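Q: Read top to bottom, the protein sequences are chains C and P. Taking this note's numbering, the leading residue of the first sequence gets 1, the next gets one more, and so forth. Taking this note's numbering, the leading residue of the second sequence gets 1001, the next gets one more, and so forth.
The hints are simulated quantities; they were obtained by calculation from the structure and are not laboratory data. Since we're looking at a predicted model, the values are computed, not measured. Misleading hints may appear alongside valid ones.
Said to hold, decoys possible - Rough simulated footprint, nothing fancy, chain P against chain C, three-plus residues with beta-carbon under 8 Å:
1) 27 to 34
2) 59 to 68
3) 98 to 106
As the list claims (entries may be wrong) - Beta-carbon label-pair distances, calculated as ranges:
4) P/1017 - C/11: 37 to 43 Å
5) P/1080 - C/53: 45 to 51 Å
6) P/1076 - C/42: 21 to 27 Å
Every residue, glycine too, gets a C-beta built ideally from N, C-alpha and C.
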Amino acid sequence: QKEVEQNSGPLSVPEGAIASLNCTYSDRGSQSFFWYRQYSGKSPELIMFIYSNGDKEDGRFTAQLNKASQYVSLLIRDSQPSDSATYLCAVNPDQGGKLIFGQGTELSVKP
Amino acid sequence: DAGVIQSPRHEVTEMGQEVTLRCKPISGHNSLFWYRQTMMRGLELLIYFNNNVPIDDSGMPEDRFSAKMPNASFSTLKIQPSEPRDSAVYFCASSLMGGQPQHFGDGTRLSIL
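So here's chain C without its partners, still in its complex pose (with noise of 0.2 Å):
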């Protein structure tokens, strides 16, 4: 069974503090990782995607990606109210096509 496991929140930081969300993945073979914000009946929104190991850096947003320990991290730096929304993690484990999507995190950011 491939899975992607996240925690459900929600976490709640502060506002200009920085918000970690952690994603871990069960095909040690996947390839491309995502990360989508999806707010409250909206539809989900990519923020960014990492493919190799290490960080990769987009304005307040951080991917990381260890493949030898099977996770993925976002980092938001500088939160900000409009950055609350529930953050999915996906990951394609073949280059086929197919995303699994994690169960998502809300985040709360409190002015």
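Once you've looked at the hints, dock chain P against the given chain C.
A: Same frame as chain C, now just chain P:
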């Protein structure tokens, strides 16, 4: 650029009726995906197509569900007959090719009474 376009946005119908959901992928994208999202099960892949050909339909719940992609710019997901447990939000997504980032449509919120 136009994103993935889904219709209808909302559908309310009675049990036993046929439901057809529609999707137009982003132009130039070769892969198309149908997902279902519920509180209990999260976001689940139902079926995906590469170059209009169904590749993996293992997520389709049962024979009441069918999907087609007659050309590169249009796909349908059909439920016949519909049941209350089919109530969910159905998303369509597309990507340039398999393994590339997927972009989601706004979804169809389906309620079966």
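Q: With reference to the structure, classify each hint as holding or not holding.
A: Okay, the hints, checked on the actual structure:
1. Coverage of the region 27 to 34 of chain C by chain P holds in this model, with 3 residues showing a Cβ closer than 8 Å to a Cβ of that chain against a need of three.
2. Counting residues of the region 59 to 68 of chain C whose CB lies closer than 8 Å to any CB of chain P gives 0, which falls below the minimum of 3, so the coverage claim is violated.
3. Under the rule that three or more residues need a Cβ within less than 8 Å of chain P, the assignment of the region 98 to 106 of chain C holds, with 7 such residues.
4. Separated by about 41 Å at the C-beta atoms, residue 1017 of chain P and residue 11 of chain C satisfy the suggested range of 37 to 43 Å.
5. The given range of 45 to 51 Å is respected by residue 1080 of chain P and residue 53 of chain C, whose C-beta atoms sit roughly 47 Å from each other.
6. Residue 1076 of chain P and residue 42 of chain C have their C-beta atoms about 23 Å apart, which keeps the hinted 21 to 27 Å range intact.
In summary, the structure is inconsistent with hint 2 from the numbered list given earlier, while agreeing with all the others.
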